[in-house]
Amino acid sequence: MSIGFLILFLAIIPALWKRSGLFSILWLLGSGIIAFEYLEVIYSRTVQDFMISFPYPIGTANIGISKLSAFFGTVFAIGLPLGMLYGHFYLKQHPSEGIRSHLFWLGILGLSMHGILWMKHSLLFLMVWELMSISSFFCVIHDRQQSLKAGLNYIITMQIGAAFLMVGFGLMFIHTGSFDFNGLENMPRLPMYLLLIGFAFKAGFVPLASWLPQAHPVAPAHVSGMMSGLMIKAGLYGIILILLTNAFSLWEILVFCLLSIISAFWGVIHAMVSTNIKKVLAYSSIENIGIIGIGLCVGLLGKDAGIPAMATLGFAGAFLHIFFHSMFKALLFYLSGNVLVASHTLEIDKLGGLAKSMPFTAVYFLVGTIAISALPLGNGFISEFTILYGIFHAMGANDLPAMVFGAVLLSVLAFVGALALIAFSKLFAIIFLGEARQEEARNAQECPRGMRIPQLVLGLGILATGGIANLGLRFVKPILRWMALDMTMIRDFQTTLNQVSIVLAIVVLLSALLYLIRRMCVRESISATWGCGYQKPNPRMQYGSYAFVHPLSYFLKPFILFSKKQKQGDMAKGINPINSMEAVDPIFKYIVEPVSKAMSWFFELFSHIHNGKTNSYIAWCLGFLILIIIWVLGVR
Amino acid sequence: MISLLWILLLPLFMPGLISRVKAIMVGRKGQSLLQPYYHFLKLLRKDEVISSSASFITRLAPSIALSATLCAALFVPVGRSSSLLSFQGDFILVLYLLALAKGIMVLAAMDSGSSFEGMGASREISFTAFLEPAFMLIMAGLIFTSGFTSLNSLLDSYIINNHEVWSLVVGAFTIFALFIMLLVESARVPFDDPNTHLELTMIHEVMILDYSGFSLGLIHYTAALKMLIYASLIAQIMIPQNAQWHMGWYLLCVLGLGLVTGIVESMMARFRMNRNLELVLVPLSISVLAIAALIARSLGGW
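Each protein sequence line maps, in turn, to chains Z and C.
Per my numbering, residue 48 is the first one in the first sequence, and the count goes up by one each step.
Per my numbering, residue 28 is the first one in the second sequence, and the count goes up by one each step.
What the hints contain is simulated information worked out from the structure, not anything from laboratory work.
Fair warning: there could be bad hints in the mix.
To be verified - Dumping the calculated DSSO-like pairs for lysine-lysine here, alpha-carbon to alpha-carbon at most 30 Å:
1. Z:Lys583 x C:Lys73
2. Z:Lys403 x C:Lys73
3. Z:Lys644 x Z:Lys611
Predicted, not measured: the structure shown is a model, and the values here were computed from it.
Same shape as in the complex, but just chain Z:
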């Protein structure tokens, strides 16, 4: 293990010399070694634990990994180096200043993500947690002009989340008298809630997720891929850590359930109506976090109701979705980078027809689309199948909350899955199909091969885990066993998954056969699209992104806030009227923005202290000193 981490530390040296190629190679090498050792921890009984003595405030700290953190570690060790590799090729296409600091902070981000899994001491944990937030902030603002505002919003949100964590861990220290993570077991309620809220900021549960759609569109593609696919899982790691070591009453589970449902629903409807590729992906991250939360809830409900199969499958589904989401979400974000490099825009209504000029990108995007909308052949289907399978065990089990919430979660999962299908078929169709809507898209060229290597790996991984349905479960099984869940039915479930794989194989073979028959026997002739009698159709007449989702967004109006802009034109002067419509995030608009405005107004009040006159500064210092002296003397 130490060799792997040594290599990752060494990778910072080429980063300082701007050698991004060497940097990513070292990351691949180091992460490979680390991944194997994490897997060893997962599959064997050996546990890596060190007791290390630190100077006074910390004391003896326990640094080590459990099976849970080894699971997350493996996910990180698979995802991070691919992101670094993609970053190397992406930065080559996007030459800009500040490569040195960007690479440095990328390295720190990766190391700190691994680091939080090791820390079992709350002070150290908080330090590494902060390091992760700060380094990711610096990675986000790589492109300074556009991203600084969103980046600041991100770092402030993270600081608020960290403040919750600090208070939570502080109260835990008061309660148990130690900073060790053993104190997480059976905590009193207040610090536990504070910790959960703090972690939920990072994970992106609604209503704490407004930083996601702000920060992702402006960050470089590889950074958003790694943050959305991997870093928000660090928040989930914290939440699961607390879920596993505490007992919950039914009401608490139901509140968690509702929050997950709201996150999933909120995320997906906004993904449906957004028109920026990365914004769609960011909202869909919120949705997927909601789905993972639903899986965890199913597990907790199953435990509470005494339905072992439901508990096991719920947790299994949640872990599978964590793993799979890290693959398909990262893939889609990297592909958005390809689109940006080729066409210099992320607005989908300017794109179109890229499937012909960028065939590889289109195929990978299709794989990602199938996975994220939980269609068979993609791996998202396997995890949702597992969760649904768990919920069906609650039906007819004579437990009111399990049945009612089972039915609710069932329909929510199906509804959210269908909306995700709509959102992503829209995204794929508008970007890649039809004809180019604007000049940039018409001139798009396929990206260089290097950028496609990480995508090929991720795409094959998605198809493998989606096709061989047992693969993911095999990875998750030791953790379920470690959580002391009932494993008797897992064997039956594995047979079921094998049968699913067989059916999927039949689907693939059959369609290949039909396709080949068509290829051999049918002669094609090319002609223009049938314009339904209209003689001169042009690309701008194609169905646009808003029109595509209109039937449903009309239905979901109460939940989506549109801001409309109308500008009267003047035909005589040749000014065309402009009508535009954009979905805005109500939480951001009505909570985050007013609060931040009020805060900056409050701090404005003190701004005249900063007047540039040395003598007034000295006067302030003097006054402060006098106050302190009075206070100290007065206390004595």
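Once you have looked at the hints, place chain C on chain Z.
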């Protein structure tokens, strides 16, 4: 094996039956019942004209849609002979396979770059949002009476006429919800009019405007197969427990459904396009009602 034969041969009979019923209702003689078969075989022998903006999706989509739908159909029991494939919880896979078929056809419609096809695609995929949860809840309702098993034994052990009010009520709910789903999914009046002459007002037909020849044949077959899947689900629930001739009952129910669909089509006009989704909510609400009743009952509420 016999059920596979039925699944392969029966689908195209339904559209023929429906159009014959419609013709008779308006006083015409109507086409031969086997006309869809002739049409299908003719299309298979034809070459294709492909849109100039088509990418690989257009060429690939019909075969994926057909094979996904066919695999879904393999899970559906025909008569009392058990389905070819079955495992615990297979109905989830059936639902998602149908969604795969639908999703890929929607992408194929968007592939041509025609605004009319986009219109159809957008309408078609909007329906899934309410139909998927409805299907899930219907299955959950059946699980209450027969336990969590495969689709085959779920429908097998569901007995509508065991002289209990509950199974009758839930059965009636389920049948009604599934019938509306059949109308939506197979693009029939009042949701979609396959015979309309204006592209603006079509859903399924407009999505495949740019298909011709072999692929169009596959698409027609897929649509008919999907209709047969829903019809078989309904028929399977309606077969009485101690019936002697299961296959006869099954055929009676399926053909009866074709008859009812034809009559509904002749009696009703198509609904307004933008209000369609409100009606699609009906199966969802019915299944919510059924599952609420079942939960109350299993807790001894009545």
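Verification of the supplied hints:
no.	hint	in the structure
1	Z:Lys583 x C:Lys73	holds, 29 Å
2	Z:Lys403 x C:Lys73	holds, 26 Å
3	Z:Lys644 x Z:Lys611	holds, 23 Å
Hint check: no violations occur; every hint is consistent with the structure.
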